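Read off the chains here:
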Amino acid sequence: MKLSAIAVHIGAALPDGCGSVDVFGITSPESASADKVTFVSDSKYLEQAKKSAACAVIVKKGNGFSEKLCLEVDDPYVSYARAAQLFEDLSPLFGNGIHPAAIVDTTAEIDKSASVGPGTVVGANVKIGANCRIGANCVIERGVKIGESARIDSGVIIRYDSQIGSRAVIQSGAVIGSDGFGNARNRDKEFIRIPCFGIVIIEDDAEIGACTTIDRGNFEPTIIGKGVKLDNLIHIAHNVTIDENTAIAAQTGISGSTKVGKRVIIAGQVGFVGHINIGDDSFIGAKAGVSKDIDPEAKVTGYPARDFMTVRRIEASSAQLPDLLKEVKALRKELELLKEKSV
Amino acid sequence: MKLSAIAVHIGAALPDGCGSVDVFGITSPESASADKVTFVSDSKYLEQAKKSAACAVIVKKGNGFSEKLCLEVDDPYVSYARAAQLFEDLSPLFGNGIHPAAIVDTTAEIDKSASVGPGTVVGANVKIGANCRIGANCVIERGVKIGESARIDSGVIIRYDSQIGSRAVIQSGAVIGSDGFGNARNRDKEFIRIPCFGIVIIEDDAEIGACTTIDRGNFEPTIIGKGVKLDNLIHIAHNVTIDENTAIAAQTGISGSTKVGKRVIIAGQVGFVGHINIGDDSFIGAKAGVSKDIDPEAKVTGYPARDFMTVRRIEASSAQLPDLLKEVKALRKELELLKEKSV
Amino acid sequence: MKLSAIAVHIGAALPDGCGSVDVFGITSPESASADKVTFVSDSKYLEQAKKSAACAVIVKKGNGFSEKLCLEVDDPYVSYARAAQLFEDLSPLFGNGIHPAAIVDTTAEIDKSASVGPGTVVGANVKIGANCRIGANCVIERGVKIGESARIDSGVIIRYDSQIGSRAVIQSGAVIGSDGFGNARNRDKEFIRIPCFGIVIIEDDAEIGACTTIDRGNFEPTIIGKGVKLDNLIHIAHNVTIDENTAIAAQTGISGSTKVGKRVIIAGQVGFVGHINIGDDSFIGAKAGVSKDIDPEAKVTGYPARDFMTVRRIEASSAQLPDLLKEVKALRKELELLKEKSV
Numbered sequence: 113m114k115l116s117a118i119a120v121h122i123g124a125a126l127p128d129g130c131g132s133v134d135v136f137g138i139t140s141p142e143s144a145s146a147d148k149v150t151f152v153s154d155s156k157y158l159e160q161a162k163k164s165a166a167c168a169v170i171v172k173k174g175n176g177f178s179e180k181l182c183l184e185v186d187d188p189y190v191s192y193a194r195a196a197q198l199f200e201d202l203s204p205l206f207g208n209g210i211h212p213a214a215i216v217d218t219t220a221e222i223d224k225s226a227s228v229g230p231g232t233v234v235g236a237n238v239k240i241g242a243n244c245r246i247g248a249n250c251v252i253e254r255g256v257k258i259g260e261s262a263r264i265d266s267g268v269i270i271r272y273d274s275q276i277g278s279r280a281v282i283q284s285g286a287v288i289g290s291d292g293f294g295n296a297r298n299r300d301k302e303f304i305r306i307p308c309f310g311i312v313i314i315e316d317d318a319e320i321g322a323c324t325t326i327d328r329g330n331f332e333p334t335i336i337g338k339g340v341k342l343d344n345l346i347h348i349a350h351n352v353t354i355d356e357n358t359a360i361a362a363q364t365g366i367s368g369s370t371k372v373g374k375r376v377i378i379a380g381q382v383g384f385v386g387h388i389n390i391g392d393d394s395f396i397g398a399k400a401g402v403s404k405d406i407d408p409e410a411k412v413t414g415y416p417a418r419d420f421m422t423v424r425r426i427e428a429s430s431a432q433l434p435d436l437l438k439e440v441k442a443l444r445k446e447l448e449l450l451k452e453k454s455v
Numbered sequence: 113m114k115l116s117a118i119a120v121h122i123g124a125a126l127p128d129g130c131g132s133v134d135v136f137g138i139t140s141p142e143s144a145s146a147d148k149v150t151f152v153s154d155s156k157y158l159e160q161a162k163k164s165a166a167c168a169v170i171v172k173k174g175n176g177f178s179e180k181l182c183l184e185v186d187d188p189y190v191s192y193a194r195a196a197q198l199f200e201d202l203s204p205l206f207g208n209g210i211h212p213a214a215i216v217d218t219t220a221e222i223d224k225s226a227s228v229g230p231g232t233v234v235g236a237n238v239k240i241g242a243n244c245r246i247g248a249n250c251v252i253e254r255g256v257k258i259g260e261s262a263r264i265d266s267g268v269i270i271r272y273d274s275q276i277g278s279r280a281v282i283q284s285g286a287v288i289g290s291d292g293f294g295n296a297r298n299r300d301k302e303f304i305r306i307p308c309f310g311i312v313i314i315e316d317d318a319e320i321g322a323c324t325t326i327d328r329g330n331f332e333p334t335i336i337g338k339g340v341k342l343d344n345l346i347h348i349a350h351n352v353t354i355d356e357n358t359a360i361a362a363q364t365g366i367s368g369s370t371k372v373g374k375r376v377i378i379a380g381q382v383g384f385v386g387h388i389n390i391g392d393d394s395f396i397g398a399k400a401g402v403s404k405d406i407d408p409e410a411k412v413t414g415y416p417a418r419d420f421m422t423v424r425r426i427e428a429s430s431a432q433l434p435d436l437l438k439e440v441k442a443l444r445k446e447l448e449l450l451k452e453k454s455v
Numbered sequence: 113m114k115l116s117a118i119a120v121h122i123g124a125a126l127p128d129g130c131g132s133v134d135v136f137g138i139t140s141p142e143s144a145s146a147d148k149v150t151f152v153s154d155s156k157y158l159e160q161a162k163k164s165a166a167c168a169v170i171v172k173k174g175n176g177f178s179e180k181l182c183l184e185v186d187d188p189y190v191s192y193a194r195a196a197q198l199f200e201d202l203s204p205l206f207g208n209g210i211h212p213a214a215i216v217d218t219t220a221e222i223d224k225s226a227s228v229g230p231g232t233v234v235g236a237n238v239k240i241g242a243n244c245r246i247g248a249n250c251v252i253e254r255g256v257k258i259g260e261s262a263r264i265d266s267g268v269i270i271r272y273d274s275q276i277g278s279r280a281v282i283q284s285g286a287v288i289g290s291d292g293f294g295n296a297r298n299r300d301k302e303f304i305r306i307p308c309f310g311i312v313i314i315e316d317d318a319e320i321g322a323c324t325t326i327d328r329g330n331f332e333p334t335i336i337g338k339g340v341k342l343d344n345l346i347h348i349a350h351n352v353t354i355d356e357n358t359a360i361a362a363q364t365g366i367s368g369s370t371k372v373g374k375r376v377i378i379a380g381q382v383g384f385v386g387h388i389n390i391g392d393d394s395f396i397g398a399k400a401g402v403s404k405d406i407d408p409e410a411k412v413t414g415y416p417a418r419d420f421m422t423v424r425r426i427e428a429s430s431a432q433l434p435d436l437l438k439e440v441k442a443l444r445k446e447l448e449l450l451k452e453k454s455v
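Top line first, the protein sequences correspond to chains A, B and C. Number 151 in the numbering used here belongs to position 39 of the first sequence; there are no gaps in the numbering. Number 361 in the numbering used here belongs to position 249 of the second sequence; there are no gaps in the numbering. Number 244 in the numbering used here belongs to position 132 of the third sequence; there are no gaps in the numbering.
Derived by calculation from the structure, the hints in this document are not laboratory data. Since the model is a prediction, treat every value here as computed from it, not as a measurement. Possibly wrong hints are sitting among the right ones.
Copies of the same chain are indistinguishable here, so a pair counts whether it falls within one copy or spans any two.
Said to hold, decoys possible - Pairs of lysine-lysine, DSBU-like flavour, derived with a Cα cap of 35 Å: (1) 173 / 404; (2) 371 / 162; (3) 156 / 172; (4) 114 / 301; (5) 301 / 239; (6) 404 / 163; (7) 411 / 371; (8) 163 / 180; (9) 404 / 156; (10) 224 / 239; (11) 374 / 172; (12) 374 / 162; (13) 257 / 301; (14) 371 / 180; (15) 404 / 301; (16) 371 / 404; (17) 301 / 173; (18) 156 / 180; (19) 114 / 257; (20) 162 / 404; (21) 445 / 156; (22) 374 / 441; (23) 338 / 163; (24) 173 / 371; (25) 404 / 172; (26) 224 / 338; (27) 338 / 173; (28) 148 / 239; (29) 301 / 371; (30) 224 / 453.
Sequences and hints are given; from them, build the entire structure.
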């Protein structure tokens with residue numbers, strides 16, 4: 113690819129005549145070779161980038177330097193992400209079209225530009241849009257609809273009637289549309305399984321990590337909003353809705369019917385009880401246990417989840433707790449002595 | 113389905129002549145249409161149910177009202193669960209019988225009434241009972257026995273010699289019979305893998321969630337008891353036994369050889385050390401870390417797991433800890449002044 | 113198998129003429145029958161072993177007894193592990209060679225001694241070494257290299273270009289080489305997905321548990337070192353490296369670019385932030401949240417992770433916190449009275 117193509121794609125100017133350089137990838141300063149572009153997402157990497165072998169560097173506007181061809185942009189990290197997408201290998205892993213070893217129901221409608229890997233099962237009345245890339249040994253059960261340019265990696269299970277948006281990415285081992293964990297308990301304390309009649313909707317540009325499980329709703333759908341990013345091994349229970357552009361790190365679990373707002377950032381191994389609301393633009397720290405509604409823009413952590421500063425103060429204080437106990441005993445003793453004296 | 117059939121199934125009386133109404137589903141008051149039944153599991157939903165479009169309402173005995181046809185029962189939530197099962201679509205997702213694209217060993221015995229989806233591999237000497245429904249791309253390794261009317265969803269892996277009870281449900285991505293995590297450490301601090309010779313037994317009516325993993329025992333089996341309900345992404349280590357009618361929420365992990373009693377309720381993201389006993393009818397709160405035996409009927413939470421009230425008191429107190437530190441310093445100062453005076 | 117073969121394998125002496133006993137397995141004292149060997153890994157099991165039906169017992173040197181044939185060794189638990197491996201059934205679960213229902217790209221090179229199960233997909237340019245045993249319905253994407261004698265269980269997904277060492281074990285449902293969770297956030301707070309160009313390297317003798325997910329690196333590889341043991345449902349993020357002979361229990365998560373040293377022991381449900389270093393021979397307790405570098409040989413637990421003794425002291429003290437609050441209030445009151453008196 114010509115350097116000029118990258119510059120145009122990320123909206124950076126280039127000195128005349130420099131755009132014809134051939135570029136074969138984008139990488140970190142430390143692993144860069146002369147045929148690659150690198151980037152400076154934090155000024156602490158500036159020196160490394162200068163000394164790197166890279167043929168060009170994406171830098172923040174005004175931070176260009178003379179040692180290298182510099183592509184100046186507003187946000188080098190975003191521009192790196194965009195440039196990296198240019199180098200992504202989008203060819204289907206198992207060839208174009210429907211692999212002869214795929215098992216496709218005759219009523220399924222698969223766009224001619226889509227690819228379906230070997231061993232993948234496509235059920236009745238499934239619709240798969242243009243340019244979708246579906247890996248090997250997936251199961252796409254009856255009635256599933258997938259938009260355009262979605263990427264379904266090998267080994268994904270999409271259960272019946274789920275709806276997957278355009279450009280969505282679902283990684284290997286993810287399960288979409290499992291039953292919710294709903295059980296009624298009878299007088300003998302036996303559980304009666306509650307069937308789920310809802311579906312799962314994954315909206316455009318959402319991404320689901322490896323071995324993440326998303327349960328279908330009871331009556332209403334479970335919804336993963338537009339542009340939501342879910343990491344690996346996340347549990348999303350029935351009737352949860354996650355609004356657009358929220359990101360959730362690995363191993364977090366969200367219990368039934370909880371509503372997560374827009375642009376929320378949730379760290380790893382967080383747990384949420386059911387039936388609560390998490391406000392837009394809030395931030396939830398790693399390993400937090402969230403049992404109440406969270407205000408928009410709030411930053412909470414800990415279990416029970418509290419304001420970040422409060423939790424940090426409690427943590428710091430708790431280290432002094434053993435000494436505090438001793439000190440209070442000492443105070444008691446000395447006070448008793450004083451009381452005796454003062455009688 | 114006729115309303116009368118539902119009434120009979122849940123043991124509710126109906127006014128004469130009302131049973132002939134045709135019903136096409138059961139749902140929440142808010143999503144009900146005129147061809148559906150709804151239910152009131154909590155009196156706070158009563159008004160909503162009255163105003164809903166539903167043709168009939170399941171309510172607690174004595175709480176019937178004139179606005180709707182009411183089906184009065186002892187426990188509306190249990191009756192809702194039972195009624196919902198009537199509307200479940202039990203038809204196999206990939207057609208009756210053994211799909212031509214299933215890969216079945218000639219020595220496997222599969223009941224004629226069972227269904228096996230495309231891409232599913234059935235190994236040597238496997239037995240699959242009547243009315244089992246097995247999805248697509250499962251693997252059922254050699255020697256596995258499955259009772260009657262079990263439901264094995266697409267993408268489940270059941271490893272060799274596991275035993276699955278009747279009416280058990282195993283959801284997509286679950287792994288039954290993986291090796292236990294057993295390693296001996298030699299003088300050079302290298303690990304020597306310990307092979308597992310035990311199996312996994314999943315008893316009747318048990319349910320295993322998506323991407324839950326259950327390790328086989330070392331010598332004795334790992335046992336998931338009758339009617340046990342496991343949510344998604346749970347880890348059950350080797351030689352664990354879970355006794356009947358216990359329920360465990362998502363992302364909980366149970367270490368090797370721990371015994372969980374009957375009717376225990378375990379919330380999400382709990383961790384248990386190995387070789388402990390969890391008493392019948394106990395309750396373990398979310399994110400608890402359990403490192404000791406738990407008494408029957410105990411309610412514990414936190415890490416280390418302690419009595420609920422104790423933990424709540426500690427949590428509340430800890431918020432006052434930073435102020436407490438200041439107060440104790442002030443007390444010390446004032447006491448010293450007093451002591452000087454009193455000399 | 114002759115008892116003498118076991119004795120030779122674990123380096124134990126046997127009285128003359130005893131080696132010809134036929135042995136059909138190794139098991140715990142309580143489940144031993146007369147055709148099996150047992151072992152005493154802890155002296156508390158000594159009496160049980162004496163009374164067991166076992167034909168021979170592996171014991172610590174000097175602890176032999178007259179009731180049974182004793183195989184005396186330096187470390188009975190290690191010797192048990194080694195002896196158990198002699199009894200492991202190494203025959204492929206779905207027969208020798210490439211199963212006719214496997215789907216193998218013509219460019220793949222599979223050693224004649226390897227076995228590949230039905231439904232398993234092997235992509236272009238894959239190399240599989242001698243004596244590898246690959247289960248059913250796996251996906252081994254293009255460019256993957258697997259050493260000798262590796263065991264890949266049914267349902268494993270190994271994504272493109274991953275490298276798997278000799279004698280590695282990868283259990284069912286594991287995903288190797290999923291994309292890292294990297295997203296740049298633009299001015300509108302939308303996430304731009306960052307493609308990953310790195311791979312995953314799993315070195316010799318490493319073991320990966322069921323449904324564990326290992327993300328590929330951004331540029332550099334994610335590395336699971338020689339002899340590393342990972343339990344089930346673990347999340348390893350992009351660019352993590354885990355050095356040799358480290359063991360990690362279930363449901364632990366390690367964030368991007370964190371480096372874990374050699375011979376580290378990590379308990380279950382631990383979380384690590386990204387970009388930190390965990391020293392050699394350290395120990396991390398269950399459910400710990402590790403947000404800073406850990407020194408070699410340190411033992412930490414809790415969240416934030418601190419020295420074990422400190423955490424235990426804080427835990428013990430915290431139980432006294434509610435009483436402490438009351439006591440400090442009482443002290444304040446009594447001090448005020450004294451102050452009034454002393455005026």
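Hint check results:
no. : hint      : result
1   : 173 / 404 : between (43 Å within a copy, 33 Å between copies)
2   : 371 / 162 : between (46 Å within a copy, 26 Å between copies)
3   : 156 / 172 : within (13 Å within a copy, 57 Å between copies)
4   : 114 / 301 : between (69 Å within a copy, 30 Å between copies)
5   : 301 / 239 : between (43 Å within a copy, 31 Å between copies)
6   : 404 / 163 : between (51 Å within a copy, 29 Å between copies)
7   : 411 / 371 : both (17 Å within a copy, 28 Å between copies)
8   : 163 / 180 : within (9 Å within a copy, 71 Å between copies)
9   : 404 / 156 : between (40 Å within a copy, 20 Å between copies)
10  : 224 / 239 : both (12 Å within a copy, 31 Å between copies)
11  : 374 / 172 : within (28 Å within a copy, 39 Å between copies)
12  : 374 / 162 : between (39 Å within a copy, 34 Å between copies)
13  : 257 / 301 : between (39 Å within a copy, 28 Å between copies)
14  : 371 / 180 : between (48 Å within a copy, 31 Å between copies)
15  : 404 / 301 : both (28 Å within a copy, 25 Å between copies)
16  : 371 / 404 : both (12 Å within a copy, 32 Å between copies)
17  : 301 / 173 : between (66 Å within a copy, 20 Å between copies)
18  : 156 / 180 : within (17 Å within a copy, 68 Å between copies)
19  : 114 / 257 : between (38 Å within a copy, 32 Å between copies)
20  : 162 / 404 : between (49 Å within a copy, 29 Å between copies)
21  : 445 / 156 : neither (55 Å within a copy, 47 Å between copies)
22  : 374 / 441 : neither (50 Å within a copy, 44 Å between copies)
23  : 338 / 163 : between (40 Å within a copy, 33 Å between copies)
24  : 173 / 371 : between (39 Å within a copy, 33 Å between copies)
25  : 404 / 172 : between (41 Å within a copy, 29 Å between copies)
26  : 224 / 338 : within (26 Å within a copy, 45 Å between copies)
27  : 338 / 173 : within (30 Å within a copy, 45 Å between copies)
28  : 148 / 239 : between (40 Å within a copy, 29 Å between copies)
29  : 301 / 371 : both (30 Å within a copy, 19 Å between copies)
30  : 224 / 453 : neither (97 Å within a copy, 95 Å between copies)
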